[in-house]
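Peer 1: Below are the chains, spelled out letter by letter.
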Amino acid sequence: MDFGPHLILATLEGAITAAVISLTAVGLSIVFGIMRIVNVAHGEFFMLGAIIAWWVATAVGGHPAVGFVVAILVAPATVGVIAAATDWLVLRRITYDPERTIVATIGLLYIIQQATLMTFGPDARPVEPPFNRRLAIPWVEFGDGGLSLVWPWGLGTTSYKLAVIVAAVVILTALWLVMKRTRLGLIMRATQLDSEMAMAFGIPVTRVYAVVFGLGAGLAALGAVLIVPVQQAHYLMGGDPLLLSFIAVIIGGLGSLPGTLVAAVLIGLSDGIISVFFSPTLAKILATLLVAFVLVFRPEGLFGRRKT
Amino acid sequence: MLEVRRIEVAYGQVQALFGLSLAVGPGEILCLLGRNGAGKTTTLKAIMNHLPLRSGQIILDGVDISRLPADRIPRLGIGYIPQGRRLFSELSVAENLEIGLMAGGSGREVRETVLGLFPRLQERLRQQASTLSGGEQQMLAFARALCIQPKILLLDEPTEGLQPSMIALIQDMVARMKRRNVAIVLVEQRVDAVLSLADNVAFIEDGRNRETLPAVELADDQERLARYVGV
Ligand SMILES: Nc1ncnc2c1ncn2[C@@H]1O[C@H](COP(=O)(O)OP(=O)(O)OP(=O)(O)O)[C@@H](O)[C@H]1O
Ligand SMILES: [Mg+2]
Chain A
1 MDFGPHLILA TLEGAITAAV ISLTAVGLSI VFGIMRIVNV AHGEFFMLGA
51 IIAWWVATAV GGHPAVGFVV AILVAPATVG VIAAATDWLV LRRITYDPER
101 TIVATIGLLY IIQQATLMTF GPDARPVEPP FNRRLAIPWV EFGDGGLSLV
151 WPWGLGTTSY KLAVIVAAVV ILTALWLVMK RTRLGLIMRA TQLDSEMAMA
201 FGIPVTRVYA VVFGLGAGLA ALGAVLIVPV QQAHYLMGGD PLLLSFIAVI
251 IGGLGSLPGT LVAAVLIGLS DGIISVFFSP TLAKILATLL VAFVLVFRPE
301 GLFGRRKT
Chain B
1001 MLEVRRIEVA YGQVQALFGL SLAVGPGEIL CLLGRNGAGK TTTLKAIMNH
1051 LPLRSGQIIL DGVDISRLPA DRIPRLGIGY IPQGRRLFSE LSVAENLEIG
1101 LMAGGSGREV RETVLGLFPR LQERLRQQAS TLSGGEQQML AFARALCIQP
1151 KILLLDEPTE GLQPSMIALI QDMVARMKRR NVAIVLVEQR VDAVLSLADN
1201 VAFIEDGRNR ETLPAVELAD DQERLARYVG V
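Residue numbers (the numbering used here), protein chains in the order written: chain A, 1 to 308; chain B, 1001 to 1231.
The following block holds chain B by itself, in its conformation from the complex:
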């Protein structure tokens, strides 16, 4: 469904990705695991076309989408939950969701469904996004992405800095999206979460995908995990 083929990406003169490849299908969770600065966020930004490719392709359902304008990407059904949430901070909860709805061409029913998943947001529709708690902000970032009714979700460390109950809620939401046949690329530092959620794990190191393995094979492979993420 989504396939990243040997992409090379640079920030100015500094190259960050070196022929990185990965693939994910419907109802599948691919976790990207790697140390700080390995290139996980850069990979997701490249898929969103926020960074131009030096070479390589990004194939969605057989079509190369890497030359499209960045604002076309969400309209193809790719939802993005960026690292650090990046809400429209001075807009209200309702306005943040409205922007997601516009992107997906979605109507009231979608809004109701999404708010049904996050009742906490329903109570705070008029509140400015920047005044939400960390957990509520992450819910809003999640909800905003769901408003476009994504076929593919890109999540960048969605549980970073959250308390355990909130982490469980977010992970439950990820599992729920998987059951709805959404293809999911998840950047996650918590190895326990990775092992319980993921179908496949891609080990990212120095801007390359060193290897992709089924999660079930990793549970007992502490040595490999230690090598890539130092647990």
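Same shape as in the complex, but just chain A:
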């Protein structure tokens, strides 16, 4: 096999994983950063996004693009509302105590998973992509007439996969603008820095927490809706994104959004590349080993600030 074209293909696959993991990891990171809690059920919100997308797309019918557009609006919003309600009904009542929150979200994980199994069933179900042109990967070759473009047979990607990458970039840019330029973003950043002083200046911190928890879950769901035309919806699909998001958040430095983002891209790319050339399991093993090393040698994360 030609190494070059395969490397391009692997990088593309990695970039798609990176796009999805960026969304889920950033969602996990804002929840951790602002609320100081670990949401073990984050992957289940991802899964719910995919399942709801399937339901919506199936119910809407017609051209795949119509179902998909409705799904990408409805699924993340629904998941966000479910998460915000969970925050209000469960997490607020246990006063965001770190240990009790972990136990509560583990419980939530199983509730969501089993409820999905009972209603959606154990099968993987596809959502049709809104558009799906095959694109061959071009490659350069030295021929008689010097350099020329060739399209090695059988290696290609689709227009939809490229769109996933673009969509993730657009969504994350929008999120960044919201955080830096809007009043809501200012309120969230102030709450993250000192929640007590935020209250002393009129910020309704409990409501901010509900919004943040909903936003974090909504980002995971958005990632899931983007990937479900490539991967299919399944009730156990939340495991890998949870693991990879945790890895990104830890490597990136707990609570640091730029760090999380850089780590997510690195992990997504390496996961894609190692999966193509070796095996997905090896990719996960290496990523987990990397986390272990980071935790031992740089517990504040590669990009986190060292506590003084």
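Nothing false has been slipped in among the hints.
Here are the computed distance ranges between Cβ atoms for each label pair:
#1 B:R1054 with A:E99: 17 to 27 angstroms
#2 B:G1230 with A:T288: 55 to 65 angstroms
#3 B:S1165 with A:L295: 42 to 52 angstroms
#4 B:Q1127 with A:T95: 34 to 44 angstroms
#5 A:T119 with B:V1014: 46 to 56 angstroms
Since the hints were derived computationally from the structure, they do not count as laboratory data.
Glycine residues also receive a C-beta, built at the ideal position from the N, C-alpha and C atoms.
For chain A, the structure is supplied; the task is to place chain B with the ligands on it using the hints.
Peer 2: Chain B with the ligands alone, transformed into the frame defined by chain A:
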């Protein structure tokens, strides 16, 4: 105007305030004086509803505000300048002020007025709060509280760790707020400052207000001052 009635406050199992009472009216400065750990900061936190009351009341203009959510307190016109300043450290000067303005529902005019009082901040609007000097940080903490156009100001050791010129500036600002008829509760360790600024002095000891006296009566009462603060 603001009246604290026999409040009891605890951190978990450890009780910090034992039936503490005090009162302050418009244009009046009440100083809280007491040794480290006496409960001065705890009293201000209780007024801000950051700590739940075991019993007692906090009355503002005849209404008990002690059961309101903490984020409602600033909207009632209570401005807080906490011990150690506690700015939003990674936000800019302008953003710190913006949060104060939001709390008070105040607009551009208030912002201009406040910045007029602190020209040093005007020059540093885009600077991150954590990179300001100690004195500038205290100015920002003061300015942030003024952005809500407070009727009542709670100040917790605002001159702690500042050089003399900066102390004078802060004290001048406190006096100015008094002239604007703001009710002021001031925690202050410097007895000279207390005696020159305060209308009344409350001696806090072991989580209780031992006695409240007019400042004018204290100037010559070194013995009493020594008993409570060990000067
Ligand atoms: N977060 C806390 N948890 C437990 N106990 C606390 C806490 N904060 C204060 N205390 C205790 O409550 C008591 C009163 O503390 P407070 O901070 O109100 O004192 P203070 O009069 O402001 O002292 P200082 O002059 O040193 O600022 C002290 O015994 C202190 O140890
Ligand atoms: Mg104190």
